[in-house]
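Protein chains: 2
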Amino acid sequence: MGDMVYFLEDFKPGPLDVYRKKASFSWKEMAVTIENPKMLRFKHSIWKTLSADPLFARSHGDMSFEEYRNITMDRVLKLLDYNLLPEEKMFDDPNLSSAFTIALQQYDGSLAAKRSILIDFFTNAIRGLGTARHYDVLEAAAAGKIFGCVAITEVSHGSNTRGLRTTATYDSTSQNFILNTPDFLAAKCWPGNLGQTATQACVCAKLYTEDGECHGLANLLVPIRDPKTMLPFPGVIISDLGPKIGLNGLDNGLLMFENYSVSRESLLNKTGDVTPDGKFVSPKKFQDPTKRFGASLGNLSAARAGLIPMIAQLMCDALTIAVRYSCIRRQFGHDSEELPVIEYQTQQYRLIPHLAAAYVVKYFGHSIFERYVDFLFKSFSEPDKDTVKMMGTEIHILSSAAKPLASWLARDAVQEARECCGGHGYLKLSGIGTLRNDNDANLTHEGDNHVLIQQTSNWLLNIWTNKSAKSSLGQTPLNALSFLKEHDNISRMKFTAKTITDATNPELILRKYKWLVCKILESTHRKYNSLLHETKNSFTSKNESQIYYAKTLSIVFIEHYILEHFWLKLCNASGLSMDIRRILVKIFSLYGLWSLEKHLTIFYQWGYMNGPEDADLIHASVLHLCKELKEEAVALVDAIAPPDFVLNSVLGTSDGEVYKHLQNALLQTPGVFDRYKNWASISKRLSTASKL
Amino acid sequence: MGDMVYFLEDFKPGPLDVYRKKASFSWKEMAVTIENPKMLRFKHSIWKTLSADPLFARSHGDMSFEEYRNITMDRVLKLLDYNLLPEEKMFDDPNLSSAFTIALQQYDGSLAAKRSILIDFFTNAIRGLGTARHYDVLEAAAAGKIFGCVAITEVSHGSNTRGLRTTATYDSTSQNFILNTPDFLAAKCWPGNLGQTATQACVCAKLYTEDGECHGLANLLVPIRDPKTMLPFPGVIISDLGPKIGLNGLDNGLLMFENYSVSRESLLNKTGDVTPDGKFVSPKKFQDPTKRFGASLGNLSAARAGLIPMIAQLMCDALTIAVRYSCIRRQFGHDSEELPVIEYQTQQYRLIPHLAAAYVVKYFGHSIFERYVDFLFKSFSEPDKDTVKMMGTEIHILSSAAKPLASWLARDAVQEARECCGGHGYLKLSGIGTLRNDNDANLTHEGDNHVLIQQTSNWLLNIWTNKSAKSSLGQTPLNALSFLKEHDNISRMKFTAKTITDATNPELILRKYKWLVCKILESTHRKYNSLLHETKNSFTSKNESQIYYAKTLSIVFIEHYILEHFWLKLCNASGLSMDIRRILVKIFSLYGLWSLEKHLTIFYQWGYMNGPEDADLIHASVLHLCKELKEEAVALVDAIAPPDFVLNSVLGTSDGEVYKHLQNALLQTPGVFDRYKNWASISKRLSTASKL
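Chains as they are written, first to last, in UniProt numbering: chain A, 1 to 692; chain B, 1 to 692.
Just so you know, the hints here were simulated from the structure itself, not pulled from any lab data.
A quick note: this is a predicted structure, and the numbers were derived from the prediction, not measured.
Hints are not guaranteed to be accurate.
Note that identical chains are pooled: a pair holds if it fits in a single copy or bridges any two copies.
Straight line, CA to CA, 20 Å or less: simulated PhoX-like cross-link-like pairs of lysine-lysine [to be verified]:
no.	residue 1	residue 2
1	K677	K145
2	K228	K677
3	K527	K627
4	K684	K78
5	K378	K389
6	K145	K684
7	K569	K38
8	K684	K228
9	K569	K586
10	K527	K498
11	K542	K627
12	K291	K389
13	K677	K78
14	K285	K389
Start from the sequences and build out the full structure, keeping to the hints where you can.
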């Protein structure tokens, strides 16, 4: 153990010791259980570099919009110079690139986004859609010699990508593509880095040949700003999107073209190309435009899989602040000394289930990204292309439900953390507001949650609809639906738990979830078919079977998968100490039961549960687990928390000296004692009556 | 009608007309039904004044922290000069003061808060706790000749006011009180206006006489800054709390005293005084320190009652933005033209129930404030002091549950509105982020929601515990519990609805709610008593019966009260057109059923509901009402929306020209085309490779 966790520093003694001593496990062991030690070590090494560099010094001061923009850009460039993750190291273990992004996000969301857009999104797009003729850009981007962005979404088209209207028309005379934005509605909107700093954009446009034929969407590598002056080239109009709810260090922008010419070679031509004389050609496997469309957006999957562990970590950070603060903050009590607020049932119920969720989702997040990396390797090496393709689909389906689930959970956890910190949580220096504002983007980008989640329910319904046609019901590479073949048995189950021990049994929780998935899959399928019968319109029938049906289906499906995945890991992990295992089982059970609670009505509706005792037992089990885990709560957050320098919260410091840090922050911040700037003008109108 | 609504301007024709024409009622009639026309007219007159004054010009630009502070102060002073609500007019109809604050809040939350602290909180504290010797301050405050704040909360004591530790010790030699802050934990923390601009503070402190006896908490009117210089007086230390999650135009501060002397007359001496020679004296009715404590905090009730309609209106504003935008924004579709997103079941379910909630809570909010005003008048005139006292208690109990309910509903509605507006909702100029950040304070101030709500459950449990002792079970001035005497009959009820018509019947919804309140009251009482039997500790038993019991009890109690109140108004209103009545019944039913849905498990647990059909019918009814009200949605928001100048949202303008406004805002905002400020330094490192 010792050499595995050498990079984790002991905490200074202080008021959190009372709770630290209550913990029944080693937080360091937990830290390297819940996260790959190699990734965690890498994150700590990044943070060490940042903490030693004055450019990365922390502040809670009110940095102006412009200052924040500038420092974020400077920091991205400095990171490129540090070259903390050289390409060869990254290709050796792509999980490190996820660790890098998460480490940066924990430091500052805008910085992580700005760098990711350049180093991950932009270069992945070139790598995935372009060919050798574009690859010199990759090196230039990695060195910060060009600055890139990815321009897909338009003002009036986000979710419905097929509706994009920017055009790229080939002109064989000049051998150029002419880019045009038909109107403001088709302006490229939202690309990060576009607003002020990108010199190149990967632009998604409708491809036209001279004969007027449209060949669907294609992507072009478009120089947009003159790097000598950083002004847009003539024919390119760029404006900055201005202040947003969060992520204000990132310059999102708006982009329009007016008869703007780019070379024929600008076309990212892996899935299709235009010959110099203007003929559209495409490799055999991409001759179907739908496949080209799929390929052109396929690399968004990577972004989505990568987003889940980021969201999970954000949740961990917010809960770290709230849990530590709740162990220090005292209010009321039944004798002379007031009680730490964590001792109240209400506070426990508000925080501990979210903490359990953060653990389970964090584990899943790292894992889904690993799966994605595994898939990428297999897609080059594996001879069985069908299985690889199915694996890609399943990862897409899982992340299409997991990104919404994770971001909603994070939204609620961050908000609860804010409220649990009371008034002081409303101070900017609590750090929770920033986490909330930054997470807010996760609900929408990389696929709007409500739109995205339909991909999962559609897939599930398809599998169910075709069940009679296949003997292999639910056989998929990642086994997300392997229980479906036992559907008949599962559907006959009933609630049997009589004690908290029964109710918190992980196997039984998973069985309940399997019943739930089967039941909602059946009822959604029935609902959809009855609507289809009625309306003869599949579009309408799909839309009218979302609420209470398809949406719930996607959610229970992914809740089950995430839980089962966590449980299998626990069962199969070798070398786990009994202490850690016992705690992780409790975490599993708490997250499982707390999630099940949201669906209790369905259990009652279909007779799985009956009478007052069944739900009461679930409730009592949740409270029981909250109370037990409350004793472990500080060690649980210690295991997932970044160093104080990174967390940057006055309320959440690891030494627990909340009021001392608050005192320093409130009294030593420049300007807090300044006289009101307009004092002279208002003092004139104020009464100068002396003291009463 | 015509002359009643002359101040409501018709909307310009535009893309929202499609939906406006679908409405089956007059939005103007609705506007003056849901809000007192006198109040609404007053609000419009205020907005007219503001819109004509350049000092109040709108901007979405990134005003700096300091600029926002300064302009907010200037605006408060300008408002005092306008004197839009002279004292005599306000005393004639105190509801206008609520209208004033709401109108300002809709314009800018910080401005409303800053003015209210001066004009309402500060002067009410002086009026309520002081005597004639302090009244010259009232006039000076109204004229902006002094600037006040109210200092109660300390760094380590918010909810538990009894724990305050600032001291005021009388010294008969100097005939002064000596104020001291024992340590940083006892620094006054959070008072608005304190940070930079207040010259006087109403300070809550422990009162000591020279003999070392503590006489409990008392309030003093303390000069804190020299109005000539706006610097704190020697012995007074004030710092600014700096940036917060929201309300950054308001200067919250931190205040410490070190042997600071104030005159004997500074003591706000209505409930107790110190004679020049240092003897504590108090009027007969305040000789019990608990009564003095109650009186000293009693005027917080006003703030809380006033907060509910403010929160409701904030919800209305956020939903106005999201509903209008959802009728314009198109995405996907089953034929060539894409569908407005409001046409999707998912979007309807996400928005329309919140809109129904906003209506019901808005009506309740205005009404509870009216009741409060009524109570104030009665407390002077009514001879039956016991009834008046009971009325005061009941208003306190209602608002102690309604403030949490309203602020949680607003939190969720604003968040859903944000998410429903997709990416563009994340722009600052959508206006939703500001609403969210400002509302966030409402969850904590004027009583933390989770602490406050226990007042209501405690009161209910007391009434239930003492039921056998009284024949008058549930008889209270505002009839919040009148149904309790029929408890036995109510408990025997079952779910009988078979059709959507049954399920949406308001009387039946109220009956379900009455069953729910009775059931949870019983089970909370049982839970508490069994814990008490076990632990012999009432403090612990209370704390351990919050989740699933007491907290739910307070919530269902207030949900029922708010619904019943709305229903009685509907039944008793004269002169309501059939159109309006029909819509309001739907709104009632939707909010009622949607709220009931959250408690369905309880209905099943106790056999009120059985089998799949019962819950399915509730769900189907909710979706049915969402779909019906979707047709009315634009008119519904028109009736509760402020003018565009006030709403200040690019997505929510009344003409529905979302993209045109977006175009202007994105392209005509100063700075959006500016070159990156550090361009020269970064262009050096960028590759100057020419266009591909």
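Hint check:
no., hint, result
1, K677 - K145, "between (44 Å within a copy, 18 Å between copies)"
2, K228 - K677, "between (41 Å within a copy, 14 Å between copies)"
3, K527 - K627, "between (41 Å within a copy, 17 Å between copies)"
4, K684 - K78, "between (50 Å within a copy, 14 Å between copies)"
5, K378 - K389, "within (10 Å within a copy, 76 Å between copies)"
6, K145 - K684, "between (57 Å within a copy, 9 Å between copies)"
7, K569 - K38, "within (18 Å within a copy, 66 Å between copies)"
8, K684 - K228, "between (53 Å within a copy, 7 Å between copies)"
9, K569 - K586, "within (14 Å within a copy, 50 Å between copies)"
10, K527 - K498, "between (34 Å within a copy, 19 Å between copies)"
11, K542 - K627, "between (43 Å within a copy, 16 Å between copies)"
12, K291 - K389, "within (13 Å within a copy, 74 Å between copies)"
13, K677 - K78, "between (36 Å within a copy, 17 Å between copies)"
14, K285 - K389, "within (14 Å within a copy, 82 Å between copies)"
Every hint from the earlier list agrees with this structure, and none is contradicted.
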